[in-house]
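Enquirer: All chains should be built: construct the whole structure from the sequences, respecting the hints.
In the numbering used here, the protein residues as written are 10 to 181.
Hints in this document: simulated from the structure, not taken from any laboratory. All C-beta atoms in this analysis are idealised placements derived from N, C-alpha and C, irrespective of residue type, glycine included. Careful: at least some of the hints might be erroneous.
Stated by the list, open to error - Simulated restraints, written as ranges between beta carbons of each label pair: (1) A136 - S35: 14 to 24 Å; (2) Q36 - R79: 34 to 44 Å; (3) A81 - V179: 29 to 39 Å; (4) A175 - G91: 32 to 42 Å; (5) E30 - E152: 24 to 34 Å; (6) G155 - A81: 40 to 50 Å; (7) E152 - A178: 18 to 28 Å; (8) D105 - A43: 33 to 43 Å; (9) V27 - R143: 13 to 23 Å; (10) L173 - Q76: 22 to 32 Å; (11) A178 - A81: 32 to 42 Å; (12) D106 - G155: 10 to 20 Å.
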Amino acid sequence: SKMTRTHFIMPANRLVRVVKEDATASQLLAQAQAEAKLPLEIGKSNIIATYDYTQIDPTLTVDFAAQPGRVAPPTLGLGYAGFSPAQRFVFLGWLDDPTLPAATAYQQLYVAHLEVALLDEPAVAAAARKELVRLSLMPAWQESEGLARAALLSFWLAQDGKGLTAWLAVDC
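Expert: In structure tokens, the structure reads:
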């Protein structure tokens with residue numbers, strides 16, 4: 010049986026981003042650029058996307074009856090909307106403890122959430138940096154190149170050479 014929005018329960022993980030509750034990735038990028046928070050110049054664009062493939066859309070169907078061990082992993086590169094209702098259920102459940110092993114597509118999507126959070130207000134960006142470092146120490150994430158790149162990006166955006174040095178010392 011499939012349940013829809015009236016039965017939707019957000020994961021406890023507050024670093025995930027939700028449609029109509031959080032700014033889109035392009036809105037945060039434009040804001041960061043306007044406030045000169047980025048140590049680089051990004052080309053001008055007339056398009057500010059209103060859709061953000063990383064965001065969780067609570068209006069999409071979630072199959073709460075799915076059995077996680079029997080749900081095929083999503084195709085790499087899909088956003089939340091591209092997941093099947095059963096895959097959305099597995100992803101939402103996994104977000105409560107992303108240190109656990111998961112399909113690569115789920116990890117990639119969570120890293121995308123964290124990358125966008127790096128452009129958000131300072132407290133959110135700091136929480137995302139902390140989460141990236143925490144996950145980098147977990148066995149389930151040891152092979153994730155995307156996580157390592159996002160962690161490097163987080164230190165660069167924060168201009169945190171000491172944090173980067175400490176992270177590299179532990180990670181190496």
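Enquirer: Need the list of violated hint numbers for this structure, in ascending order.
Expert: 6 and 10
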